[in-house]
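Chemist: So the chains spell out like this:
There are 2 protein chains.
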Amino acid sequence: MNNNIFPTSDILQRADKETLLKQKGVCIWFTGLSGSGKTTIAIALEKELHAKGLLTQILDGDNVRAGINNNLGFSEADRTENIRRIAEVTKLFVNCGVITICCFVSPTKEIRMLAKNVIGEKDFIEVFVNTPLEICEKRDVKGLYAKARKGEIKDFTGIDAPFDVPQEPLIVLDTNLLSIEKSVATIIEKLKL
Amino acid sequence: MNNNIFPTSDILQRADKETLLKQKGVCIWFTGLSGSGKTTIAIALEKELHAKGLLTQILDGDNVRAGINNNLGFSEADRTENIRRIAEVTKLFVNCGVITICCFVSPTKEIRMLAKNVIGEKDFIEVFVNTPLEICEKRDVKGLYAKARKGEIKDFTGIDAPFDVPQEPLIVLDTNLLSIEKSVATIIEKLKL
Numbered sequence: 001m002n003n004n005i006f007p008t009s010d011i012l013q014r015a016d017k018e019t020l021l022k023q024k025g026v027c028i029w030f031t032g033l034s035g036s037g038k039t040t041i042a043i044a045l046e047k048e049l050h051a052k053g054l055l056t057q058i059l060d061g062d063n064v065r066a067g068i069n070n071n072l073g074f075s076e077a078d079r080t081e082n083i084r085r086i087a088e089v090t091k092l093f094v095n096c097g098v099i100t101i102c103c104f105v106s107p108t109k110e111i112r113m114l115a116k117n118v119i120g121e122k123d124f125i126e127v128f129v130n131t132p133l134e135i136c137e138k139r140d141v142k143g144l145y146a147k148a149r150k151g152e153i154k155d156f157t158g159i160d161a162p163f164d165v166p167q168e169p170l171i172v173l174d175t176n177l178l179s180i181e182k183s184v185a186t187i188i189e190k191l192k193l
Numbered sequence: 001m002n003n004n005i006f007p008t009s010d011i012l013q014r015a016d017k018e019t020l021l022k023q024k025g026v027c028i029w030f031t032g033l034s035g036s037g038k039t040t041i042a043i044a045l046e047k048e049l050h051a052k053g054l055l056t057q058i059l060d061g062d063n064v065r066a067g068i069n070n071n072l073g074f075s076e077a078d079r080t081e082n083i084r085r086i087a088e089v090t091k092l093f094v095n096c097g098v099i100t101i102c103c104f105v106s107p108t109k110e111i112r113m114l115a116k117n118v119i120g121e122k123d124f125i126e127v128f129v130n131t132p133l134e135i136c137e138k139r140d141v142k143g144l145y146a147k148a149r150k151g152e153i154k155d156f157t158g159i160d161a162p163f164d165v166p167q168e169p170l171i172v173l174d175t176n177l178l179s180i181e182k183s184v185a186t187i188i189e190k191l192k193l
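Sequences listed follow chains D and C, in order.
To convert, note that position 70 of the first sequence is 70 in the numbering used here; the numbers rise steadily by one, no gaps.
To convert, note that position 52 of the second sequence is 52 in the numbering used here; the numbers rise steadily by one, no gaps.
One copy or two, either will do: identical chains are not told apart, so a pair holds if it fits within one copy or between any two.
Straight-line Cα separation of at most 27 angstroms, DSS-like style, residue types lysine-lysine; simulated pairs: (1) Lys-24 - Lys-52; (2) Lys-52 - Lys-22; (3) Lys-22 - Lys-192; (4) Lys-190 - Lys-52.
It should be emphasised that the hints constitute simulated quantities derived from the structure, not laboratory data.
All chains should be built: construct the whole structure from the sequences, respecting the hints.
Modeler: Structure, rendered in structure tokens:
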């Protein structure tokens, strides 16, 4: 497939980019209910890492569903394809040496396994943003829980679709006990960033 | 769509990442026949930019068709979707401050326009890798021209599918006149990289 006439050794490698950036590429994958605080913590984490001179990329519903996945719906097949494409984009960023922070409900074991398999086990850091359903529903930032309770949205995670609690996440953030700052500090300490 | 409870000013912007990287994000889009030398020049360009301390990402058939677009074929619709996804990925990288080098035949005006519209006109630098068909066919690195001549591949650009010569590319590389080094130097000079 490659037009390249150079010896392989002349093609820039991930390690070269990591040396340039003085950091290691990695995927920090936030899983948790809608309203659990994934994006909020990601934004705070990104800010903190940026202050340390580290390059980051957040992928979340905002920049993914409006962009590369704007032709996907919410059927079973489309949800799988949604995560598959996200994982492939993440892999490109990680191979470019970027600390890539993914914020997706990713409610099932299967869907998180799919992401992990595409991204690669050693680059995939699973972080469970563990916020009780009651709190997420009370916040209801996007008004989605209210709609789900009224039956206006079907298969909504936590209401009429299951959330499989991650069995072995590297990090669990109990956000009813931890502030955003403490959550960020926990990740930075654990990953030695 | 956003869970974010921070004021917008607290969300890291493209400009912040560009400051960190000490460079501007941009897409350098190589268009040209199969075998014209797009990826070869891209690899040499990336190496040169890396030596200057600049962060780059190459997107080409190798990492795209094998990854995010591994479920697309070569129908008209799939070719369009191929370029749309590539453009969306490029946009993410450019917004992360990365110099993104895209190597795709992108044979029609429409397909290049699609990419430009997604990526944004001011971030889209069109580079026409102008290598005569005879030379590309003689090289035939992948053996595709031979197959196309035998009718084993249909709608092959340059043989039985048209290549629309770009009307206003920012840069034209006449590779039968320019060495790879000169081609790279031309781009770096023109873009003041």
